[in-house]
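Construct all of the structure, not just a fragment, from the sequences and the given hints.
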Amino acid sequence: VQYELRYQVIEPKRQTYQNVIDRFGDQPASRYLEGTLDIEPRENFHYRPTWVQDRELYDARYTALQLTDPYSFLDPRQYYYTPYVTNRAAAHDEFGKTLAYLEQRDLLEKMPESWKHILGHVVVPLRHYESGAQLITVAGARFAYGTSLEQCCTYAAFDRIGNAQMLSRVGLALGGGAAEVLKSAKQGWLDAEHLQPLRRLVEEIMIVDDWAEGVLAVDAIDKLVYPLLYQGLDEAALLGGAGAYSLFAQHLTGWFADQRKWIDALVTSWSTDEQHGAANLEVLARIDATWGARAVEAVGALDAVVRRELGEAA
Amino acid sequence: VTTTLRQVGIDIQDSEENRGLIDAIKADNPELTIRHLPGLVKLQAAGQIVINRDTVEQKLGREWETGEFQLAIVSYAGNFSEWDDDQIIVKWEH
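Quick mapping for you: the protein sequence lines, in order, are chains D and C. Just so you know, my numbering puts 712 at position 26 of the first sequence, and the rest follows in order with no gaps. Just so you know, my numbering puts 335 at position 36 of the second sequence, and the rest follows in order with no gaps.
Be careful, since some hints might not be right.
Straight-line alpha carbon distances no greater than 25 Å define the calculated DSS-like cross-link-like pairs of lysine-lysine that follow [to be verified]:
1. C:341 / C:390
2. D:947 / C:358
3. D:699 / D:796
4. C:325 / C:390
5. D:802 / D:869
6. C:341 / D:699
7. C:325 / D:699
8. D:802 / D:872
9. D:783 / D:796
In case anyone wonders, no lab produced these hints; they're calculated from the structure.
So this is what it looks like as structure tokens:
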């Protein structure tokens, strides 16, 4: 007797959820699209926020930067919960390994004094900067219109906690496990001269009403701080006997590259929007003019300390 | 003289991970026919199928090495006429 194996294909009634079908037709779609497109409520809000009576709870007008369709922007990294968490867990595992390596060999302790000073008095205090950036970004998560934008802000806000944690851990390691470095970093954030322009700037950004302006203002600082302190010091650290600094800094450089992907894509979406592009460009130019110069001033104060320390070492 | 191009095909496991890859192949091969079978996606085209790393990376939103293609495929019909860091081409060479 011969048996023939046959399979029967049962066509699913639908390949994906209605929110995706509405936009792309009935075809298999990624989890990211399924969990992102048109998820945020747009109608049937029963109550208006008591604190802005002319706005809805979720409203595109919480920023001057408008998109005709908020879902014309999609996260190039396609992060939803699982990929985001997996990715960041791996990143922080890697960081933990680096730190363990540094600690086992006392490499932070063995850095030249000038590098210890840079790490302890310029870099570690920035955990408070990260904390401020977290607040600003989380406001973006609340007020952004469109799940695709909101998700990016949410994850970026979590990232800030992660970054602050990396800085804290390296601070603890630098202090040999004691909290002294963190305490002095906090005090420095409150009263050290070189950190005040940055603290003032972050605190001013915190009270900006327009969420996108806040996020972009922080980004204006990031664009200076990250290349300056992490990537920019890499070679000087390696040649100056502070390989430990380079090993630590690579993780923040890695994060910044990831952050750029969504922010740059979002700015492109804003500036190329068919209907609002021209108006958005004006707003972007204004934001850049307002906060860009402030960022240069604030980061310049950090740069001066770094230069002074490295100048002495040379 | 008319020559009919022979069909080449790639069978890819139907999974969340591979969806971006399939989208990329779809984008780079306009003539592609796609059949969904249980657990399997059968891609066929006349002549050749091209897979570009660039496109796959765009669709996946992450870096992708052409070697990862091994993990996605179940079966194929044709020869790998090219398999380098940037591109894979499946076609009949005889």
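Task: Index of numbered hints that the structure contradicts, given in increasing order - done: 3
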